[in-house]
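Colleague: Letter by letter, the chains look like this.
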Amino acid sequence: MAGTIAQRSSPPSARSRRRAAFARALPFLLPNLVGFLVFTFAPVLACFALSLTEYRLAPIGSFADLRKQVEFVGIENFQQLLWFSHQDEGLVANDPQFWRYLGNTLFLMLGIPLSIIGSLLLALLLNQKLRGITIFRTIYFLPTVSSAVAICIVWKWIFHQQPNEIGLLNSALMTLGVAHPPDWLGTMEWAKPAFIIMVLWLGVGGYNCVLYLAGLQGIPQELYEAADLDGAGAWARLRHITWPLLSPTTFFVVTMSVIAGLQGSFLFTAAFLMTGGGPAGATTTLMLYIYNYAIAWHQLGYAAAIAAVLFALVFAFTLINWKYGQRLVHYS
Amino acid sequence: MSGQGQTARRRLLHALAYLVLVAVGITMLVPFAWMISTSLKAPAYAVEFPPRWIPSEPATVEIDGEERRVAELRTNLGVRVAVLRYSPEGALVQGLAPGERSGERLTVSEDDLHMVREVKFHWENYADAWAARGVRVREALFGLLNQVDGFLVFYLNSMIVTILITLGTVFTSSLAAFAFARLRFPGRDAMFLGYLATLMVPAIVIMLPVYALLSNLRMTNTYAALVLPPMFSAYGTFLLRQFFLTIPRELEDAAVIDGASNFQVYRHIILPLSKPALATLTTFVFLHSWNDFLWPLMVVDRLALKTLPIGLAHFQDSYTTEYHLLMAASVIVMIPVLIVFLLGQRYFVRGIALSGMKG
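Top line first, the protein sequences correspond to chains A and B.
First residue of the first sequence: 21, per the numbering used here; consecutive thereafter.
First residue of the second sequence: 11, per the numbering used here; consecutive thereafter.
Some clues are possibly wrong.
[What the hints assert, rightly or not] Stretch-level coverage of chain B by chain A, calculated; a stretch enters the list once three of its residues show a Cβ under 8 Å from a Cβ in chain A:
no.	segment
1	57 to 69
2	95 to 103
3	249 to 257
4	337 to 349
Bear in mind the hints are in silico, worked out from the structure with no lab data behind them.
Idealized CB from N, CA, C, for every residue including glycine.
Working from the sequences, and respecting the hints, build out all of it.
Modeller: Printed below as a string of structure tokens:
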């Protein structure tokens, strides 16, 4: 207490007070802040720097002079990645693979709306005052917490189709009368649908469903009671109470799902383990393309450029969604 | 009509709801059930058409030092025979004990034989998967282990890496979250905004430069490379700060007046009140680290340092066709996550709801 009085008698300068406040916070901040700066924040900036270089990394475990690896090339990587050039056949993309894999990534995201609708329907069912809901919720959530590698291995086995070796799914289809079920992972036209099926199975009861359930539980019961008095049917209640009041949740769910879909970390694992990105590149996503450039081909500069484009896509989506999607959200 | 009609309708709707819930539940469980079923089958019977859910295989019996298939006579139900050989006239069989025709040999038409299968669980698949033939690690855990089974090494690595990441995340981010939620210092809001901004950056953007850094420091293939980078994501600090903000300040005021230091407030007031949030973060980080595939894949290619997911991927490379072993290995990998999930489920679900609130 004596110190406080002494301090009051001679007020310290604003600067030294701020310094003291910072010094008090530092021991708390430091352990995390240093790690955060080195391993999270600085790398984001470094990635953009990397994307402007040709960086041929020496293979893992070996060592090479840093100056021999890096060369500043300006926007060359982006020209290669995104630009087109005139050829005999007309305008041709400099990196047709990139556009193809971007297309794959977007195509595989077609499962997202289905998955979200499924999650909402499941949440509506789970929100009925039924017994044993916790058990169902736990079961639905199992795929989400399970090891992606284990899941991919078992699904590869389910999709299996070889002469004399028919996997579980195709056995079921044949029992149901499909004479020639598809070779899911072995043909270009079926590999993507197979992945979408798997993603639906994985996601429908996962995070989105839990979020919707929390959203539903937050809707005041009185609203439904009032609607009942007005004689509103089930559809009207869903249309005019549940759906509008869930719109903040829907907004969040759509945002997160699209961002996650663009990154596609599960689909990376799936492509890596089940198809190797094939057949003929049909399941190669941007993530796998980045991985191949960085790890398999040791070209970190180009990999960083693709990653930067992926970031830009996520960023653009978030902005547009924030600006326009927000308008559809009904806040009570 | 009203009262009874409505309850009847309600019951019908409930029944329908259950029907859908059960159907979806079965769909969710089928792959797991198939995984377990295949993991218990003999290699020769892992692939069959039509598939069998309960592992079974043709029953055999040893007669004069040779394995013979067991069949039942359709003409004389219940009588079991061992098939000795097939010939154009039919099949030579020998009656099996107990039974009136025990030991007796006779020739029957092949059509009269119904081959008997018996249920058999091959638990040894788990031991085989664990021993992971061909995946031996010469030296692991800084030379503490020599010549050990691959899977044991993967398991230990996963344990070490996951526990260190979880402890490190919870410890450092709870300290930082305390500073952001409770202390005033210059640059606080700008700094927190910096944390927030990284939340929407795709993980690969962060991984590439860190990978380059570690490669150049010759730090790939180390535990540090596996543990340190994932430990400092903004997520933990963000989650805990949000929770700390909900704790009423009055609780600390008394302690501060009594002269408690910031650290004492953190240690004796904030942390004990934040057990649910800490449990949420622990569960999240544990499950995420245990299942993480991409980062270990990037920084580790030495067998002795592989964690379970990439160890399992390695395993898949070597045993592409041995599905019974692959499935057993997958089950082994999934058990710890399932335990942690079932224990921490409450917190996990709350954590998701909490993170969604900010949307």
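Colleague: Are the hints correct? Go through all of them and say.
Modeller: Here's how the hints hold up against the structure:
1. 57 to 69: holds (count 4)
2. 95 to 103: violated (count 0)
3. 249 to 257: The restraint on the segment 249 to 257 of chain B is violated, since only 0 of its residues have a Cβ under 8 Å from chain A and three are required.
4. 337 to 349: Check passed, 7 qualifying residues.
Taken one by one, the earlier hints fail for this structure at numbers 2, 3, listed in ascending order.
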